[in-house]
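Engineer: Dock chain B against the given chain A, drawing on the hints supplied.
Protein chains: 2
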Amino acid sequence: MIKREIEHLDYLEQGELEKIHQAALTILEKNGVEFHSQEARDILQKHGAKVEGEKVFFPPPVVMDMVGKAPAEFTLHARNPEKTVTIGGNCTVHAPGYGSPYVMDYANNTRRNATYEDYVAFTKLAGNSKYIDVVGGVLVEPNDIADRLRHAKMFQAAVKHTDKCLMGSAMGGQKAMESIEMAAIVFGGMDTVKKNPALISLINTNSPLQFDPRMLDALMVYARHNQPLIIAALAMTGTTSPVTLAGSLVQQCAEILSGIVLAQMVNPGTPVVFGSASSIVDLRSGNLAIGSPESVKMFSVIAQLARFYGVPSRGGGSLTDAMIPDSQSGFESMMVLMNSVLSGTNFILHSVGLLENYMTMSYEKFIADDEMLGMVKSFTERFPVSDESLALEALLRVGSGGNFIADMHTYEHMKEMRIPQISSRQSFAGATDLKNTPQRAHEYSNRVLSEYQSPELDENIEAELDQYVAALG
Amino acid sequence: MIKREIEHLDYLEQGELEKIHQAALTILEKNGVEFHSQEARDILQKHGAKVEGEKVFFPPPVVMDMVGKAPAEFTLHARNPEKTVTIGGNCTVHAPGYGSPYVMDYANNTRRNATYEDYVAFTKLAGNSKYIDVVGGVLVEPNDIADRLRHAKMFQAAVKHTDKCLMGSAMGGQKAMESIEMAAIVFGGMDTVKKNPALISLINTNSPLQFDPRMLDALMVYARHNQPLIIAALAMTGTTSPVTLAGSLVQQCAEILSGIVLAQMVNPGTPVVFGSASSIVDLRSGNLAIGSPESVKMFSVIAQLARFYGVPSRGGGSLTDAMIPDSQSGFESMMVLMNSVLSGTNFILHSVGLLENYMTMSYEKFIADDEMLGMVKSFTERFPVSDESLALEALLRVGSGGNFIADMHTYEHMKEMRIPQISSRQSFAGATDLKNTPQRAHEYSNRVLSEYQSPELDENIEAELDQYVAALG
Numbered sequence: 058m059i060k061r062e063i064e065h066l067d068y069l070e071q072g073e074l075e076k077i078h079q080a081a082l083t084i085l086e087k088n089g090v091e092f093h094s095q096e097a098r099d100i101l102q103k104h105g106a107k108v109e110g111e112k113v114f115f116p117p118p119v120v121m122d123m124v125g126k127a128p129a130e131f132t133l134h135a136r137n138p139e140k141t142v143t144i145g146g147n148c149t150v151h152a153p154g155y156g157s158p159y160v161m162d163y164a165n166n167t168r169r170n171a172t173y174e175d176y177v178a179f180t181k182l183a184g185n186s187k188y189i190d191v192v193g194g195v196l197v198e199p200n201d202i203a204d205r206l207r208h209a210k211m212f213q214a215a216v217k218h219t220d221k222c223l224m225g226s227a228m229g230g231q232k233a234m235e236s237i238e239m240a241a242i243v244f245g246g247m248d249t250v251k252k253n254p255a256l257i258s259l260i261n262t263n264s265p266l267q268f269d270p271r272m273l274d275a276l277m278v279y280a281r282h283n284q285p286l287i288i289a290a291l292a293m294t295g296t297t298s299p300v301t302l303a304g305s306l307v308q309q310c311a312e313i314l315s316g317i318v319l320a321q322m323v324n325p326g327t328p329v330v331f332g333s334a335s336s337i338v339d340l341r342s343g344n345l346a347i348g349s350p351e352s353v354k355m356f357s358v359i360a361q362l363a364r365f366y367g368v369p370s371r372g373g374g375s376l377t378d379a380m381i382p383d384s385q386s387g388f389e390s391m392m393v394l395m396n397s398v399l400s401g402t403n404f405i406l407h408s409v410g411l412l413e414n415y416m417t418m419s420y421e422k423f424i425a426d427d428e429m430l431g432m433v434k435s436f437t438e439r440f441p442v443s444d445e446s447l448a449l450e451a452l453l454r455v456g457s458g459g460n461f462i463a464d465m466h467t468y469e470h471m472k473e474m475r476i477p478q479i480s481s482r483q484s485f486a487g488a489t490d491l492k493n494t495p496q497r498a499h500e501y502s503n504r505v506l507s508e509y510q511s512p513e514l515d516e517n518i519e520a521e522l523d524q525y526v527a528a529l530g
Numbered sequence: 058m059i060k061r062e063i064e065h066l067d068y069l070e071q072g073e074l075e076k077i078h079q080a081a082l083t084i085l086e087k088n089g090v091e092f093h094s095q096e097a098r099d100i101l102q103k104h105g106a107k108v109e110g111e112k113v114f115f116p117p118p119v120v121m122d123m124v125g126k127a128p129a130e131f132t133l134h135a136r137n138p139e140k141t142v143t144i145g146g147n148c149t150v151h152a153p154g155y156g157s158p159y160v161m162d163y164a165n166n167t168r169r170n171a172t173y174e175d176y177v178a179f180t181k182l183a184g185n186s187k188y189i190d191v192v193g194g195v196l197v198e199p200n201d202i203a204d205r206l207r208h209a210k211m212f213q214a215a216v217k218h219t220d221k222c223l224m225g226s227a228m229g230g231q232k233a234m235e236s237i238e239m240a241a242i243v244f245g246g247m248d249t250v251k252k253n254p255a256l257i258s259l260i261n262t263n264s265p266l267q268f269d270p271r272m273l274d275a276l277m278v279y280a281r282h283n284q285p286l287i288i289a290a291l292a293m294t295g296t297t298s299p300v301t302l303a304g305s306l307v308q309q310c311a312e313i314l315s316g317i318v319l320a321q322m323v324n325p326g327t328p329v330v331f332g333s334a335s336s337i338v339d340l341r342s343g344n345l346a347i348g349s350p351e352s353v354k355m356f357s358v359i360a361q362l363a364r365f366y367g368v369p370s371r372g373g374g375s376l377t378d379a380m381i382p383d384s385q386s387g388f389e390s391m392m393v394l395m396n397s398v399l400s401g402t403n404f405i406l407h408s409v410g411l412l413e414n415y416m417t418m419s420y421e422k423f424i425a426d427d428e429m430l431g432m433v434k435s436f437t438e439r440f441p442v443s444d445e446s447l448a449l450e451a452l453l454r455v456g457s458g459g460n461f462i463a464d465m466h467t468y469e470h471m472k473e474m475r476i477p478q479i480s481s482r483q484s485f486a487g488a489t490d491l492k493n494t495p496q497r498a499h500e501y502s503n504r505v506l507s508e509y510q511s512p513e514l515d516e517n518i519e520a521e522l523d524q525y526v527a528a529l530g
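Just so you know, the protein sequences line up as chains A and B, in that order.
Those letters in the first sequence? Residues 58 to 530, by our numbering.
Those letters in the second sequence? Residues 58 to 530, by our numbering.
Excised from the complex, chain A in its bound form:
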């Protein structure tokens, strides 16, 4: 977990932010949001929203009152207490890529369908990472597992192979409930899970200005059980949202707020995250452009809006539009990641592995992105400015034209520097290895997978979990 020690970036001026806020309130009041669930509409109506057909209209005081009930930060518990994280404040928590149906076939420069074997492998890479905090999400779609079982098999793999924080399924109320029941097995009962939230789940809006029934059912189940929810807009400018960034942010803000309002009505104080995976669309091709500076601006403002509402934020990731792990993949991913962290984003999904916007996971990029997480973390950690580190004595001792290599100050402080995991610092003169970064990452990934040791898991818990999953089908 990154604990940012440097100030965050506020992209917009306060007055501009408030304009977006006011416009979002206007949309919530005048256009409303379609909630495709009778149960959700009943709850919304009962607490002061106006319902007409599938549409729900929100009086501004109801919105602000409900959003005010959400906590500014919260704790997400891992089965290994050392890996429990804080979501909010100056913390940034990382989760791997989420939801891609494909995996990069690096040797053949193409993509193939993702499988459960990939899912387990990426889980192990995430378990091995020093920087990934949350696993158990849809790291890749295990296309070879029946839909009815996918969420359970993914959860089982995450618990068996890591002891990090977990995500729950958002694919409807039943799978959400089953996710909670499995968490209860791992964490010692339903009461413990309710008291110490153990599952964070991703609820996407259906832009523009709708929620589908599956997501709403999951939202309500998790909220009732006090499990954290990322409410995230997934708008595409010029198609499912206005083409202007300001207009797209207004819409996203309205969608996210309406989801947060529902969660708070179900259970006041439900931990929520104000999130976005929105992107501009390249209107020449119709493709997403998630590695674009415009998309980064939106992520930055999403983090700022979340601070305005007093809730944690989600956005960004190591995002790129490149199909292969080349230099574009590197520079786009770093731009999005760096700015998301500097903007104070609290939860970064898609922190490692994605290529071709959200479509393809790559073993090679997973490892390269993990290196980036270490670099960005290091940048946000300030260095000591003390009598000792200012090195006045060493400077006077070595003096003009001297060399610090043999000075004791160097020996005492050389550990201040970060050692890269896979990056090269060789030069052509004396280079022993001209492999490129994906080649080095490929080898690193293979090595991790062949040597990986899953953390210990109580035998009874493992057996009970296996039994639960087996009983599903």
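Hints are supplied without guarantee of correctness; some may be wrong.
Copies of one chain are not kept apart here, so a pair can be met inside one copy or by any two copies together.
[Unchecked claim] Below 25 Å or equal to it, Euclidean Cα-Cα: the simulated DMTMM-like pairs (lysine to aspartate or glutamate) are:
hint, residue 1, residue 2
1, K492, D339
2, K87, D444
3, K140, E70
4, K492, E86
5, K107, E450
6, K472, E70
7, K87, E111
8, K434, D67
9, K492, E445
10, K217, D201
11, K472, E351
12, K434, E64
13, K217, E473
14, K107, E86
15, K472, E438
16, K472, E450
17, K492, D162
Please keep in mind that the hints were generated in silico from the structure rather than gathered at the bench.
Structural biologist: Just chain B, lined up with the frame of chain A:
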């Protein structure tokens, strides 16, 4: 030129910054700096510094008094007035890679000696760039030109093939004077050049705490003619500076301040830039690690120190330790560039092209880095938040579940988005081109070079310049 519209990042707290400042003053007073030039020492002594042998000791009031004479920002004139730039304030000016002896041979995955032909080619690429502001520096070392003529041939190529701002030679007093004389030919006489500075030059310190005679002679010539000077420390932590970042910053600050003091003593008000090209050293290999987060932290603090002293700053670039233009090259370069711009760095040398720290220029990376400059520029330009861009009417018109693609608001505002130069936004489904970024950059570079039209240059000026260069040897 980037005119940053978002706030800058202050990496250190004010108290920490002042500790570095105070320690630097202590070093200047107690250890002093070696100035390997009798003329420089005489000037320093005459204005209140204490001289013992080659060493010069600076009383703090003398330092602060002299630094106070330097302008907070200044104008650097181009022969095309539209390309004149401001150095200081919220502006960031870009110059290409500087000084590499090698060029990447992309086809053979190796490096070769740079030639004058490369120099001219890189000058044309810089001329073509929408983001490069300054040319005429040592884009690459033209190893096939006699040392006596290099500065003149480089200047000549820069003037013939671009109409952008220019750099002068720092290789001793004579070459500095010749650079000024050539500028006088181009800009209409020595008086004009003195009044409207037309050459910016790079004076490196010789760490730790020394200046060599060649750099000092150039510094004094330029200062006398009121030409802007970047005074830059080039320290390597653990070898030519303390291994701690704080200690290395103290030393750099002392070195840079002493150079600025000399420039102000020669000619009060000489435009100067507080600069650094310093880096940590990877102590396992002894190689520089300029793509490291620690080096970025130093660049960020250099910009902050410059603001503290009220002068423009130089640091950063698209820097990497990768030998080839792969994903490491991309993510390291973006990290350094992005943070340099966000930290408010005013002059960014090495903005495009470098690989293998400062050793190798690459046509392919030049083009990829130029793309990055456009992305970073776009990120620093805020988007409109107006009634029109907030899109309330469009949102109410399209409503829940609609599509914005056919709405008039989309047609009216779609130009808000930046179109990439070489980056791909294709997807595997329907991809027509699986080339990687260096391949696309290679083709782009070849196309620019074959189609490049040099801007018009007055025939008389061209003839006079040719004559001047021919007369040198």
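Engineer: When the structure is checked against the list of hints, which entries are broken? Sort them ascending.
Structural biologist: Result: hints 3, 4, 9 and 13 break, sorted rising.
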